[in-house]
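Asks: Chains as they are written, first to last, in the working numbering: chain V, 591 to 1127; chain C, 25 to 109.
These are calculated hints, taken from the structure and not from any lab test.
Watch out, some of these pointers could steer you wrong.
Just the calculated beta-carbon pair ranges, DEER-fashion [said to hold, decoys possible]: (1) C:90 to V:799: 50 to 60 Å; (2) C:52 to V:654: 27 to 37 Å; (3) C:93 to V:646: 33 to 43 Å; (4) V:798 to C:84: 29 to 39 Å; (5) C:93 to V:886: 39 to 49 Å.
Derived PhoX-like pairs (lysine-lysine); straight-line CA-CA distance at most 20 Å [claimed, not checked]: (6) V:713 to C:48; (7) C:70 to V:720; (8) C:48 to C:69.
Since this is a predicted model, take the numbers as computed values, not measurements.
Glycine residues also receive a C-beta, built at the ideal position from the N, C-alpha and C atoms.
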Amino acid sequence: MEKYTGKSVLKGIAIGRIYWYQKQDYQVIKTEVEDKEAEKRRFSRAVETAQAQLSSLYDETLARAGEDHAMIFDIHKMMLEDDDYLDAVNEVLEEGFNAEYAVETAQNQFAELFASMDDEYMKARAVDIKDISRRVIRILAGVPEDGILTDEPVIVAADDLTPSETVKMDKNKILAFVTARGSSNSHTAILARSMNLPALVNTGMKAGEELNGKIGVVDGFSGEFLVEPEQDLLDEMIHRKNQWVADLEALEQLKGKDNVTSDGRRVDLFANIGKVEDTDGALNADAGGIGLFRSEFLYLGRESFPTEEEQFLSYKAVLEKMGNKKVVIRTLDIGADKKVDYFGLEQEENPALGYRAIRICLDRPEIFITQLRAIFRASAYGRAAVMFPMIVSVNEVRRIKEIVEQVKKELSAEGYSVGKVELGIMVETPAAALISDELAKEVDFFSIGTNDLTQYTLAVDRQNQKLESTCDTHHPAVLKLIEMTVANAHRAGIWAGICGELAADTDLTETFLAMGVDELSVSASSVLKVRKAVRDI
Amino acid sequence: MKEFQFIIRDPVGIHARPAGLLVKQAAEFQSSITINGNGKSADAKKLIKLMSLGIKQGMEITCQVEGEDEETACEAMKNFFNENL
């Protein structure tokens, strides 16, 4: 058996024969031509043919996968019309070389331009340049287009696949894609996702035609590609695949169903999101709302603070998509362990216990006020709630509420309409849990962040792999703090949810329901799994 | 000459799709349209150059429009950025 590990694009398991996709790579030979003008005309005709091919690819993809995916061929057409690209080709033609060589020269020049950019998405665009150039070279040289020839559905393995190669393949004949190179940003990955096929990219396999006809297993969960596995392993994978298909179908059936136990207890099941685009996934998973919208993404990976307008548009987009469903936005949770140079944070010995989250916001109110203004302005477009991380004292909450009141007053004075926004806090420090009776009088809800609560209660750094066994997430101390927090919330007449990883731990679902937890917020992919656990009680 | 500034909100920045639409929009006008950002500049009618600016979310671009139809072109480009980026 051979085994390769790559990056999985889509979770799933495929088992079947492997089809090695060999590109009919045409070796370009550099020659001098006698008639430069004739060669230029030959190039122009090849470009026209390529444009016609791309138009029909666009139409085919439009019909099969929709406008979003077809657009790439429109982009390819435009690249082939690009003056800079054509100039680069013509420059070589002008020197008296053959058109194939001229196109390859331009290809290398522009592919290099994209490959050298410090942006994964743009790096992947080098493939687009190669795709259009190869198309023209093939036409010039009279080499036929590639395709797959098979009667039964196969696992397509290749060195790398261009978008046009991927889309040309008949979906009914493909079980999965495996490529030696490629990134999860490549169009192959994007198209595989849209076709809902398991795919592994960047497996680094140095295989070739010898794979043809062999039995392969693509495991999109572990990222493994097995070639000719032993019978025992193959049987196990077949079993896992059947199990996965059955589970998937069973969970699909739960969409639209209530989160209710057999004895009638209910719980809200919300999703955690980190980006605006995650909202579709949450809706698709039938989440009842967003229980944790991490606002950090707005601040990470950039050079300066996001403006109020920028933040407003992001929050508004999520609120509008969620309609009348609740969206709990957590204010900035950043500290020295996250790389945001423009905050100018000093290196700390112990960032988990350091200058972070609400501590920064209260110390530098201008940052906090910009975010609050954006959230409250967006609140006019849906059911917004806001919560504050890393709370340890009642005093902090009172100061936050003063700032919130000031922001609301200013916004009203400026003529903005502001919706009714529930104010809550994250209970993620033992201190907050222990004084939750006092804190409950100040806010509208609690959301228990179990990741930090566990780390602080057990004094265990959760990034330290050596401590994994010590980091017992079911530790009675943590569970007691959760129980206490929920009880104090209910005594004060407010609701309490859990938004940490523990919320998705189905071994604890029954425990949480017994404690009276009102809401569990989990990753979109866990929503139906937890719903099943609730309904099984 | 007319110009305006805009902060990119699209999470992927000026990626292939909006770049393609932008070129189509710019091509409708006679004016020369230049996008400056990320320390580089590109003719808005040239797709590859435009993509190679590597404009990401949060970056500020300046769009300069110069020519006979600069008034309408500038307005159209503003709308384009607001709607697509």
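Asks: Indicate, hint by hint, whether the structure satisfies it.
Replies: Quick rundown of the hints versus the structure:
1. C:90 to V:799: 50 to 60 Å: 57 Å, holds
2. C:52 to V:654: 27 to 37 Å: For residue 52 (chain C) and residue 654 (chain V) the Cβ distance comes to about 30 Å; the hint holds.
3. C:93 to V:646: 33 to 43 Å: 35 Å, holds
4. V:798 to C:84: 29 to 39 Å: Given about 48 Å between the Cβ atoms, the range is violated.
5. C:93 to V:886: 39 to 49 Å: 43 Å, holds
6. V:713 to C:48: 23 Å, violated
7. C:70 to V:720: Within the cut-off at roughly 18 Å; holds.
8. C:48 to C:69: Holds, because 7 Å separates the two Cα atoms, which is no more than 20 Å.
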